[in-house]
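Sequences and hints are given; from them, build the entire structure.
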Amino acid sequence: MKKILIPLIFILIISTSLLTACSGAAFTPNGWAGLTVDHETAYLAYSQYIYAINVADGVEKWRYPAKPDAKTTFFSPPVLTNDGQLLVSSYGNKLISLNPATGGENWTFPSTNHFIGSPLVVGETIFAPCADNILYVIDLKGTKLWEFTAGGPLWTTPITDSENKHLFFTSMDHKIYALDIQTHELLWSKDLGSALLGTPALSQDGILYIGTFDKQMIAINSQDRNILWQSKINGWVWAGPILDEATLYFGDLSGYFYAMKTDGTTTWSLQPDGPITSSPLVTEAGIYFTTEAGTVYAVDRLGKPLWNQPIKVTIYSSPVLAGDVILITPQGGDSLLVALNLNGSPKWSYTPAKK
Amino acid sequence: MWNTIIIDPMMNLLLWIYSILWHNFGLAIIVFTILIRLVTHPLTVQQLKGSQAMADLQKSKKFQELQKKYKDDKEKLQQETIKLYQELGINPLASCLPTIIQFPIMIGLYQAIMWLMSVTPGQLLNFVRHIYPFINASSLIPINNRFLWMDLAQPERVNIFGVGIPVLAILVVITTYMQSKMMTPPSTSPGNQGAAMAQSMTLMMPLFMGYIAYLYSSGLALYFLIGNIIYMVQYAAMGKLNWRAMLPKFLLRT
Chain H
1 MKKILIPLIF ILIISTSLLT ACSGAAFTPN GWAGLTVDHE TAYLAYSQYI
51 YAINVADGVE KWRYPAKPDA KTTFFSPPVL TNDGQLLVSS YGNKLISLNP
101 ATGGENWTFP STNHFIGSPL VVGETIFAPC ADNILYVIDL KGTKLWEFTA
151 GGPLWTTPIT DSENKHLFFT SMDHKIYALD IQTHELLWSK DLGSALLGTP
201 ALSQDGILYI GTFDKQMIAI NSQDRNILWQ SKINGWVWAG PILDEATLYF
251 GDLSGYFYAM KTDGTTTWSL QPDGPITSSP LVTEAGIYFT TEAGTVYAVD
301 RLGKPLWNQP IKVTIYSSPV LAGDVILITP QGGDSLLVAL NLNGSPKWSY
351 TPAKK
Chain P
1 MWNTIIIDPM MNLLLWIYSI LWHNFGLAII VFTILIRLVT HPLTVQQLKG
51 SQAMADLQKS KKFQELQKKY KDDKEKLQQE TIKLYQELGI NPLASCLPTI
101 IQFPIMIGLY QAIMWLMSVT PGQLLNFVRH IYPFINASSL IPINNRFLWM
151 DLAQPERVNI FGVGIPVLAI LVVITTYMQS KMMTPPSTSP GNQGAAMAQS
201 MTLMMPLFMG YIAYLYSSGL ALYFLIGNII YMVQYAAMGK LNWRAMLPKF
251 LLRT
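Order-wise, the sequence lines are chains H and P.
Residues in the first sequence are numbered from 1 upward in steps of one, following this note's numbering.
Residues in the second sequence are numbered from 1 upward in steps of one, following this note's numbering.
In case anyone wonders, no lab produced these hints; they're calculated from the structure.
Zero decoy hints are in this set.
Chain H regions said to be covered by chain P (calculated; three or more residues, Cβ under 8 Å): (1) 147 to 160; (2) 208 to 217.
The following residues of chain P were derived to be distant from chain H, with all beta-carbon distances above 10 Å: (3) ILE5; (4) ASP8; (5) ILE34; (6) ILE36; (7) LYS59; (8) GLN64; (9) LYS71; (10) ASN91.
According to the in silico footprint, chain H covers these stretches of chain P (three or more CB under 8 Å from chain H): (11) 113 to 121; (12) 139 to 148.
Here a beta-carbon is modelled for each residue, glycine too, at the ideal position from N, C-alpha and C.
This is the structure in structure tokens:
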């Protein structure tokens, strides 16, 4: 019996290892780097940690949690609140409030499924999208105020209109939803025919712009949900567009970057070195975007290249401006954060010390 | 290479079946399992025949004489048994082949299910990269992971009085045991090491499969369960089904 048991245990270990190792993401999902900054500190959420890093020199201030938990993985940028909290969405079925100065935990808000996307904070209210199809509305102490159930998982940050009366968010159920923040009522929902992953852009005159997995950029009137136009593009749109001076800037998974007028006509497009899974950073100086192939591009508003900087490691997330540097979050290499000067030259990089 | 040969075809086949079966992933897994069993049917027949030949051999006078003659010389017994296999044209490994083939299918299916379920952005991105161009996947995503009471991406439990009972894993243990009993010829010589090993396997394999079903996504457990049932149907279709042989001895005594 012993002779049989040992090989069987061996087969068992090998088989379970193969199942988990070949698809390890099922159990310990790799994170999707997310970054937010205040005046001095960059807060980086990646894999099983939140890192607070000094923007001036790239030195780590603190990290959370002290001991990593396989269930607590992070996929989106932390969010700073006006009352001095740092909110992070956790794959471990909870929204966590941290003290941004120390990394200490203030409170946690549990759910029945993963928090993937960042919450939106409007005044003293937190709108937290969750993969259990529920948009949780919470106060700043972590107490639930009300909730709204959509038809599919919610992975993306909601957006409000300029008066903070209406809330708009997309769902994996192919729909975009509009809620009245005061009455908590559903104003409307619109099925756009394919999954929606990006946060829509909203213009001052109430037009929502959203990219779809069906290779389209769509403009919707936020008042009556009528589709104003649909513009066909080359690939699936993963991240939301950025609206700046009547132009939408966005990339797609086929590896194209677009500048599109708010009437749906493409002003220019260019093809960098790989798919684009994040929204661009748009500043007065230029437009900055990253490719999955690991290059940071800077172009002017006419699409003329200013510079590009190969980081040579996969980049899934948006560049973030922090004073006079652009922060990039490469994944899969040693460095988790790279600071570039505005001319594209490297300034510093942050590699976490092993603990 | 592994992705191209194993996971991509499986994932796309599952996705295509899902698209035509009312976006029901549980049904897609069931139909997928039936297709796999149909494709591997010749191997299953070969396995069943091999298993029957082994059973006949163990009952044969010549085999039992060898057992007696060389009971104190294991090496010689092994040599003579191999000779006997050759004389009678029996390949003792033939019955193992379908089982061995199950392993890459099992691992590939598990990965395909996890990609299709895509519970993280990374998994979803990986998934969309491997979809064949002729499948209109944009309208199929996200995959509906609900089937009956199960979340096919998660291990299955039925909550009874606050205790999570792994019903599917238990069914996998039972059906794997029944299947193993079919494959294992009843031993006629208690001292035969090979027979003892086979008998032990009939106990260990169900536990092993049950452990996998308990630990991993219920989609995989569903594949095991349906696969076992289809195997028994195939066995019955060949006129070999013997319910008494499939039941544990303690049940037969009562």
